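Novice: Those protein sequences? They're chains A and B, same order as listed. Residue numbering for the first sequence follows our numbering, starting at 1 and increasing by one per position. Residue numbering for the second sequence follows our numbering, starting at 1 and increasing by one per position.
Simulated from the structure, these hints should not be mistaken for lab results. All values derive from a computational prediction rather than experimental measurement. Each hint should be verified, as a subset may be incorrect.
Simulated pairs of lysine-lysine, DSS-like, Cα-Cα distance not exceeding 30 Å [unchecked claim]:
| # | chain 1 | residue 1 | chain 2 | residue 2 |
| --- | --- | --- | --- | --- |
| 1 | B | Lys291 | A | Lys174 |
| 2 | A | Lys177 | B | Lys272 |
| 3 | A | Lys174 | B | Lys121 |
| 4 | B | Lys295 | A | Lys171 |
| 5 | B | Lys295 | A | Lys114 |
| 6 | A | Lys177 | B | Lys121 |
| 7 | B | Lys123 | A | Lys177 |
| 8 | B | Lys3 | B | Lys62 |
| 9 | A | Lys94 | A | Lys171 |
Here are some chain B residues the structure puts well away from chain A; computed CB gaps all over 12 Å [unchecked claim]:
| # | residue |
| --- | --- |
| 10 | Val128 |
| 11 | Leu360 |
| 12 | Thr400 |
Which residues of chain A face chain B? A few of them, derived with a C-beta cut under 10 Å, are [unchecked claim]:
| # | residue |
| --- | --- |
| 13 | Ala29 |
| 14 | Ser72 |
| 15 | Ser116 |
| 16 | Thr283 |
| 17 | Ile306 |
| 18 | Thr348 |
| 19 | Ala384 |
Glycine included, every Cβ here is placed at the ideal spot set by N, Cα and C.
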Amino acid sequence: MTGIFSQIWAVIIMNIRSLPRRLWMSLAAIFAISVVVAVLLSFLSMVKGFQQTLEGTGSEDVAIVTRSGSRSELNSSMSRDTVNIITTAPGIAKNADGTPIYSAELYVIVDGIKRSSQTEANLPMRGISLDGFALRDQVSIVEGRVFVPGTNEIIVGAGVLREFEGFELGKQIKFGKTSWTVVGVFSTGGSAFESELWADARTIQSQFQRGSSFQTVRIRLSETGNVDGMLKMVEDDPRLILDVETEAGFFAEQGEALNTIITFGWIISIVMSLGALAGALNTMYTSVSSRAAEIATLRAIGFSNISAFFGTLAESIVLSLLGGVLGALVSYSFMDGLSASTMGSNFTQVVFTFELSPELFQNGIMLALLIGVIGGFFPAWRAARLPVAIAFQRGN
Amino acid sequence: MSKFFSFLGKIYRYLWLTITSPIWLPFWCIGWVSDKIGLSNWIADATMGSGAYLIYKNLTRKPLRLFLTVFATFIAFLIYGTITAFQVALDSGVELSADDRLVTVNKINFTQPLPISYVNKVKAVEGVSGVVHMNWFGGYYQDPRQQVLTFAVDQEAMLDVYNEIIVTDEEAANWKKNRQGIIVGKSIADTHGWKVGDRIPLSSNIFSQSDGNSTWEFDVEAVYTGADAQTDTNGVYIHYKYFNETQSFGGDYIGWMGVRTADASLNEQVIKAIDNMFVNSPFETETVPEKAFNKAFIEQIGDIGLILGSVVAAAFFIILVIVGNSMVLSVRERTGEIGVMKTLGFKSMRIFRMVLGESLLVALIGGGLGILASYGVTGMINSVPNPLPTLVLNSDVITTAFTYVAVLGLTTGIIPAISALRLNIITALSRT
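Starting from the given sequences, assemble the full structure and let the hints guide the process.
Specialist: Spelled out as structure tokens, the structure:
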């Protein structure tokens, strides 16, 4: 058997070293496969980036309470009384003085001008108290300072600053009749909160005619991921028509909205792969017919047809791998880290960056390999069954 | 070992033939039938003089290669047709918007409310011929994931301002009479199987009734169709009065207003008049033409046009490389033959036309089949209930597609055609 393996190896090496002779056909196959892989990875990295942003936003240590059935912060609303009741539930972490750690917040939408399209887009403006900062990991003021409660001052997320116009430090912004001053820029380590404007909750209540109502409450849990105490309270108290969920679960659900794009990306890439497969088959059949004399010679001096088979298959796989890696590199250099924003399930813009992770890279290479294997199999089959005598005739 | 391989190969080959049969079987049938009834010979006789026979013979010299290049072209145009139909459908909201219609929203953002007293003030503005106010209901049917685009509207003005909504006069009268009546679009009605006379529950993810219940019951009074095949028919319209009196939030607020002007040339003047009227009030307004509003709304999702355009460009790029390369190759293989033809007295220009005709024919067959198949695919997508607007391959798309067919045929053929044209007989014959 070692004979067979060394034969196969010899033929593989020979085929690959003779690739430059079939330069243009080989390049065509490589290009076709690389474009397919680049398209697939672009779609996948877009969705991955979006989902990563939302997943990074939610914490397992924080519960989010919304009005039952609202499914988003925007649609939710609740009275001051409801907030007071739910924050007495068991399972809530307490301050040193025994008060529950929570943040009652408002969520309104204002217009911002998107830099990329120069059109108005929905930006979320969050009414928050200074306690709310403690409920978010990694909040830091990167420029300026925090707003002073009771004033028309806002701080803007780093994502907003990147994708939208007119939110630079010190700028005056008009929302309807009221005017606001940007006093700071904050970062939350790339999470969806960076796509928001933050201002004092009570100021927003009065400026947006919200009375004393809130939209959501975030509550620090005493035990990670455990919201049972609050759920039981909601069940027992008919005044509470609320949904309680960990913040992580809440945001993960919103990321699922883009799953259809993954499906779309895969369908498009697979259909395109059929085109690329036709190219690969063409290349490999041409390669086999141009090597006909060579293959026949090898057969005549005692090489087996199995070695001809694997030699051709290996050539195809090498081409497809080159194409796959090239496509992945192209989409990595163009897509990875690209900043964009889209409409999230809160009806507002979520700023995110494309992310080409190693597992997506694997997906791309697998697709390329599949094209290579199928595209090499049939031509390899022909190579293996090439009748020696006829091949010589054709060669002359 | 080799027996096993031959067995495996057979299975593989037959499996492959079966899977791809929808593609090759029609050709095979056409070929078989035309051989039987003598059509092939007749075509050969008829085309012999014109040179088309040579193109035909050259094309079919390597059937496998022909199939592969045609198939690659087929895929490119299938992608083109289907994606462009998507794009046209997405743009239809912008394309179909009426020129003489404006949208008045709260200046802060269109999700912020306006007082209902504004409606009469806007109606009185000179040049305004109709005003309808609307509220977003946040509707869903049974499961919060099954969103229904539900609007609470002024039923008296709705059908006049939005005249692309088509219902019979009788249905319109019934809807206006019945407080709990709704009109539903054909697309959403088909999705959920709603019919005229049905009583259906719709829930809101924003509002609730005073008893805490967030589900309302409605009577389907009409299923509307669109004035244009691409008019979106996923909307549901309920009475504002019924909605406002039963919801518990209180306040006579509306979401926005659709404003019809007497003539599109009055738009500028009407926009200024409306927005100036409410300047410095607690609810400042922003009035824009409907087209601009819809465009901005779609762009909120992102530059879909760019994404879809890049996909189509990528598909064409692949095909250009594959088909172009195999054309170059097939002409290079024939170098000796072309030399012989030139020796026999074939004009260079005729050989040039022959090669170009070959590449054009490949593009035409593959492209034509691809466009035909995209008809099938879009038809299939339309036939299953989905939230998308109707996909239509209109004549613009088809014309552009055939322009691309011609461009593809010319670009892939031009280099080999020129090299065949320039080919020197002596080098051609000595190369063999």
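Novice: A separate judgement is required for each hint: does it hold in the structure or not?
Specialist: Evaluated hints:
{"no.": "1", "hint": "B:Lys291 - A:Lys174", "verdict": "25 Å, holds"}
{"no.": "2", "hint": "A:Lys177 - B:Lys272", "verdict": "18 Å, holds"}
{"no.": "3", "hint": "A:Lys174 - B:Lys121", "verdict": "25 Å, holds"}
{"no.": "4", "hint": "B:Lys295 - A:Lys171", "verdict": "28 Å, holds"}
{"no.": "5", "hint": "B:Lys295 - A:Lys114", "verdict": "13 Å, holds"}
{"no.": "6", "hint": "A:Lys177 - B:Lys121", "verdict": "20 Å, holds"}
{"no.": "7", "hint": "B:Lys123 - A:Lys177", "verdict": "24 Å, holds"}
{"no.": "8", "hint": "B:Lys3 - B:Lys62", "verdict": "29 Å, holds"}
{"no.": "9", "hint": "A:Lys94 - A:Lys171", "verdict": "38 Å, violated"}
{"no.": "10", "hint": "Val128", "verdict": "23 Å, holds"}
{"no.": "11", "hint": "Leu360", "verdict": "19 Å, holds"}
{"no.": "12", "hint": "Thr400", "verdict": "20 Å, holds"}
{"no.": "13", "hint": "Ala29", "verdict": "8 Å, holds"}
{"no.": "14", "hint": "Ser72", "verdict": "8 Å, holds"}
{"no.": "15", "hint": "Ser116", "verdict": "7 Å, holds"}
{"no.": "16", "hint": "Thr283", "verdict": "8 Å, holds"}
{"no.": "17", "hint": "Ile306", "verdict": "7 Å, holds"}
{"no.": "18", "hint": "Thr348", "verdict": "9 Å, holds"}
{"no.": "19", "hint": "Ala384", "verdict": "7 Å, holds"}
Going down the numbered hints, you'll see the structure goes against just number 9.
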